[in-house]
Amino acid sequence: GNSVTQMEGPVTLSEEAFLTINCTYTATGYPSLFWYVQYPGEGLQLLLKATKADDKGSNKGFEATYRKETTSFHLEKGSVQVSDSAVYFCALRSENQKVTFGTGTKLQVIP
Amino acid sequence: KAGVTQTPRYLIKTRGQQVTLSCSPISGHRSVSWYQQTPGQGLQFLFEYFSETQRNKGNFPGRFSGRQFSNSRSEMNVSTLELGDSALYLCASSLGSGSGYTFGSGTRLTVV
Numbered sequence: 001g002n003s004v005t006q007m008e009g010p011v012t013l014s015e016e017a018f019l020t021i022n023c024t025y026t027a028t029g030y031p032s033l034f035w036y037v038q039y040p041g042e043g044l045q046l047l048l049k050a051t052k053a054d055d056k057g058s059n060k061g062f063e064a065t066y067r068k069e070t071t072s073f074h075l076e077k078g079s080v081q082v083s084d085s086a087v088y089f090c091a092l093r094s095e096n097q098k099v100t101f102g103t104g105t106k107l108q109v110i111p
Numbered sequence: 112k113a114g115v116t117q118t119p120r121y122l123i124k125t126r127g128q129q130v131t132l133s134c135s136p137i138s139g140h141r142s143v144s145w146y147q148q149t150p151g152q153g154l155q156f157l158f159e160y161f162s163e164t165q166r167n168k169g170n171f172p173g174r175f176s177g178r179q180f181s182n183s184r185s186e187m188n189v190s191t192l193e194l195g196d197s198a199l200y201l202c203a204s205s206l207g208s209g210s211g212y213t214f215g216s217g218t219r220l221t222v223v
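Each protein sequence line maps, in turn, to chains A and B.
The opening position of the first sequence corresponds to residue 1 in the numbering used here, with each subsequent residue numbered one higher.
The opening position of the second sequence corresponds to residue 112 in the numbering used here, with each subsequent residue numbered one higher.
Treat the hints with caution; some may be incorrect.
[As the list claims (entries may be wrong)] Across the chosen pairs, the derived CB separations fall in these ranges:
{"hint": "1", "chain 1": "A", "residue 1": "V82", "chain 2": "B", "residue 2": "G173", "range": "43 to 49 Å"}
{"hint": "2", "chain 1": "B", "residue 1": "Q129", "chain 2": "A", "residue 2": "Y30", "range": "37 to 43 Å"}
{"hint": "3", "chain 1": "A", "residue 1": "D54", "chain 2": "B", "residue 2": "R174", "range": "43 to 49 Å"}
{"hint": "4", "chain 1": "B", "residue 1": "N182", "chain 2": "A", "residue 2": "D54", "range": "38 to 44 Å"}
{"hint": "5", "chain 1": "B", "residue 1": "T118", "chain 2": "A", "residue 2": "G78", "range": "35 to 41 Å"}
{"hint": "6", "chain 1": "A", "residue 1": "P40", "chain 2": "B", "residue 2": "E163", "range": "30 to 36 Å"}
{"hint": "7", "chain 1": "A", "residue 1": "E42", "chain 2": "B", "residue 2": "L194", "range": "20 to 26 Å"}
[As the list claims (entries may be wrong)] Below, computed lysine-lysine pairings styled on DSS-like, alpha-carbon distance capped at 27 Å:
{"hint": "8", "chain 1": "A", "residue 1": "K98", "chain 2": "A", "residue 2": "K56"}
{"hint": "9", "chain 1": "B", "residue 1": "K168", "chain 2": "B", "residue 2": "K124"}
{"hint": "10", "chain 1": "A", "residue 1": "K52", "chain 2": "B", "residue 2": "K168"}
{"hint": "11", "chain 1": "A", "residue 1": "K68", "chain 2": "A", "residue 2": "K56"}
{"hint": "12", "chain 1": "A", "residue 1": "K52", "chain 2": "A", "residue 2": "K68"}
{"hint": "13", "chain 1": "B", "residue 1": "K168", "chain 2": "A", "residue 2": "K98"}
Quick caveat, the hints were computed from the structure, so don't treat them as lab data.
We put the CB at the ideal spot given by N, CA and C, even for glycine.
Chain A extracted, bound-state conformation (with noise of 0.2 Å):
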């Protein structure tokens, strides 16, 4: 079946470090890619996402690149505020239409 792995939280940054957070997945065919973030006592919300290989995704700073050869879709930013504070999700929907989440990752910033 489809999965999606994301790197270990949590991840604790200064302010204006730079973020990567990893984000690979198993799945046949072309899948979409998302990343969704999610703030404290909130519903998730759409980040960026991208449909095909070497598309880029990108929002509000955050950056993502489908790369089908890694089958990654790593989450970047190149400097953090402590309001980016939240836990990121990266999730694929496959050509069935079925959706599956990583387990999330914990990013603190501290001012």
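On the provided structure of chain A, position chain B as indicated by the hints.
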């Protein structure tokens, strides 16, 4: 436009009771999915409905059921509640293929 609306936001139920949760998707979204989120198990997929038909189903017991109405609103029902059913239940709607989800704020169910 209005987002995904889940009601109620909080529920406290006793073991053995049943509960119905409601979800109103974004207008025009025909796909509605339900997830259970707990600290130990993370996000677990319950089921997905599309145009009133269950399209996909997760690995939950038959006590968990759902349905979708012609206006795309969805309900999920849990019968014979157990303590382990305490969780945040999230509903998400989408346009379909290649689209991401829009999630509601969730219903926090506590079983005592």
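Handout entry: Satisfaction of the hinted span 37 to 43 Å by the C-beta atoms belonging to Q129 (chain B) and Y30 (chain A)
Key = Distance hint for Q129 (chain B), Y30 (chain A) holds at roughly 41 Å.
Problem - 27 Å limit on alpha-carbon distance, applied to hinted pair K52 (chain A) and K68 (chain A) - result: Given that 27 Å is the threshold and the Cα spacing comes to 9 Å, the pair holds.
Exercise for the section: Using the beta carbons of N182 (chain B) and D54 (chain A), state whether their distance is inside 38 to 44 Å or not. Expected result: holds, 39 Å
Practice task
Kindly confirm whether 43 to 49 Å is satisfied by the beta carbon distance between V82 (chain A) and G173 (chain B).
Solution key: holds, 45 Å
Exercise for the section: Take a quick look at whether K52 (chain A) and K168 (chain B) sit within 27 Å of each other, Cα to Cα. Expected result: holds, 26 Å
Exercise for the section: For E42 (chain A) and L194 (chain B), compare the CB-CB distance with the range 20 to 26 Å and indicate the outcome. Expected result: holds, 25 Å
Practice task
Take the C-alpha atoms of K98 (chain A) and K56 (chain A), compute the straight-line distance between them, and say whether it is at most 27 Å.
Solution key: Answer holds: K98 (chain A) to K56 (chain A) is near 22 Å, not above 27 Å.
Practice task
Sort out whether K56 (chain A) lies within 27 Å of K68 (chain A), counting only the CA atoms.
Solution key: Given that 27 Å is the threshold and the Cα spacing comes to 12 Å, the pair holds.
Problem - 27 Å limit on alpha-carbon distance, applied to hinted pair K168 (chain B) and K124 (chain B) - result: Roughly 25 Å separates the two Cα atoms, so the pair holds.
Handout entry: Cβ distance range 30 to 36 Å for P40 (chain A) and E163 (chain B), holds or violated
Key = holds, 35 Å
Exercise for the section: Starting from the range 43 to 49 Å, see whether the pair D54 (chain A) and R174 (chain B) falls in it by beta-carbon distance. Expected result: holds, 44 Å
Handout entry: Cβ distance range 35 to 41 Å for T118 (chain B) and G78 (chain A), holds or violated
Key = Since T118 (chain B) and G78 (chain A) have Cβ atoms about 40 Å apart, the given range 35 to 41 Å holds.
Of the numbered hints given earlier, the model fails none.
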